[in-house]
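**Q** Build out the structure end to end from the sequences listed, making use of the hints.
In terms of my numbering, the sequence shown is numbered consecutively and its last residue is 354.
None of these hints come from the bench; they were simulated from the model. Where is the CB? At the ideal position from N, CA and C, for every residue including glycine. Just to be clear, a hint being listed does not mean it is correct.
[Claimed, not checked] Per label pair, the in silico range of CB-to-CB distance:
| id | residue 1 | residue 2 | range |
| --- | --- | --- | --- |
| 1 | P191 | E231 | 25 to 33 Å |
| 2 | E231 | V279 | 25 to 33 Å |
| 3 | A264 | T341 | 21 to 29 Å |
| 4 | G190 | A148 | 41 to 49 Å |
| 5 | G158 | A267 | 45 to 53 Å |
| 6 | P197 | E285 | 42 to 50 Å |
| 7 | A136 | P191 | 53 to 61 Å |
| 8 | K286 | V184 | 26 to 34 Å |
| 9 | K286 | D162 | 57 to 65 Å |
| 10 | A192 | V344 | 33 to 41 Å |
| 11 | A192 | A267 | 26 to 34 Å |
| 12 | R142 | G271 | 17 to 25 Å |
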Amino acid sequence: MAVEERSPEPNAASGAGTGPAEPAAGPGTRGEGAGKASGGPDRPGEDAGGTSGRQPGDVGAWPATGSGPLGEQEAGGSGSRPAAAGVPSPQGGSGFEEAAERAAPALGGAALRELAARIGTGWPDQAILAAVRDEEAVAAVLAARRSAGVGDDEAAAFLRGLAAGYARGSGAVRVETVWSGPASHAVPVRATSQALLEVIDDAARELVLMTYSARPHDRIREALAAAAARGVRVDVVVETLQGAGGAISGAEPAAAFAGLGGVELWHWPVGQRAREKGKAHAKLAAADRRVLLVSSANLTQSGVADNIEAGLLVRGGEAPRRIAEHVAELRTRGVLVPLYGGGRR
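**A** In structure tokens:
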């Protein structure tokens, strides 16, 4: 049975907001019909926006060290960068060092080691770029090295140390439970809205979101606009009304992101689905291939705040990278295509 999502009513919720490029590095809401694992339909008249100001307990109200409302801290959490394993900084190479550290999540330990080996053995820049998959990230490192005048041996030594430090940091995995709906003080869990905004705000290079249903949500839109403005590649995969087969009503889910410059929308064409009833039903957010939120919640006010929804927030390990790589491969193969033409691969 199709579930109708009506026009938003004024601020029906308490204002909860919300809060995923080379291979080795590194949400949405209800409105769907029967069969969704997390339960019943959206309530009619779900709020379209939530509040625009962050409240205590929301992302941004806590120190940047990784501490939060549950008093949790982790050295390898959001905002931390891999240490260069005790290797001294290259002489006069602060710009190179910073560029390498920024590229580390996208490249990962193995690619950093390969880059170090090629620089150390005197490969020319063009040959190095021709041999890598994440040309953009490596090009930035090479350009910074040239600008700073860092020699081959110094650059290679720093990159080897950075790779070792990154490998240690990325090996530490932190998993948190994420929840929408009624809270329990006896069993503290992260709010879906908080976790989603955190993933978006964490992104420095690449952000991937997937959702089945979506409705305009001020806090999510603001966070996505800010990510695009700081140079993050933002790709959002949505279901379509045609693909949902009547299970979603109202505006197209893609309309939730209308007017957001720098946000690329993708979909799974109905003609490519092996079965007529196949749905683009995944809900996730992945940032820089190192942070992943997987949830039953769609990108709507009901999903991120009002319904009972559950998910996991994963930092580190293989899962964030694998998810981002898989979505990228689906784009490359043409399984996912730009919703409005054009698009990036």
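**Q** All hints are to be evaluated individually against the structure, with a verdict given for each.
**A** Verification of the supplied hints:
Judged by the Cβ atoms, the range 25 to 33 Å given for P191 and E231 holds: they are separated by roughly 26 Å. Checked against the hint of 25 to 33 Å, the pair E231 and V279 passes, with Cβ atoms roughly 32 Å apart. Range check, A264 to T341: Cβ separation about 27 Å, and the 21 to 29 Å hint holds. At about 46 Å, the beta-carbon gap between G190 and A148 stays in the expected band of 41 to 49 Å.
Between G158 and A267 the beta carbons are some 47 Å apart, a value that agrees with the proposed interval 45 to 53 Å. Taken as a hint, the range 42 to 50 Å holds for the pair P197 and E285, whose Cβ atoms sit roughly 43 Å apart. Distance hint check: the CB atoms of A136 and P191 are about 59 Å apart, consistent with the given range 53 to 61 Å. A C-beta distance of roughly 32 Å is found between K286 and V184, which places it inside the suggested range of 26 to 34 Å.
Checking the proposed 57 to 65 Å range against K286 and D162 shows it holds: the Cβ atoms sit about 60 Å from each other. Distance hint for A192 and V344: a CB-CB separation of about 38 Å, consistent with the stated range 33 to 41 Å. Roughly 32 Å separates the CB atoms of A192 and A267, a value that falls within the hinted 26 to 34 Å. A C-beta distance of roughly 23 Å is found between R142 and G271, which places it inside the suggested range of 17 to 25 Å.
Hint compliance for this structure: every hint is met.
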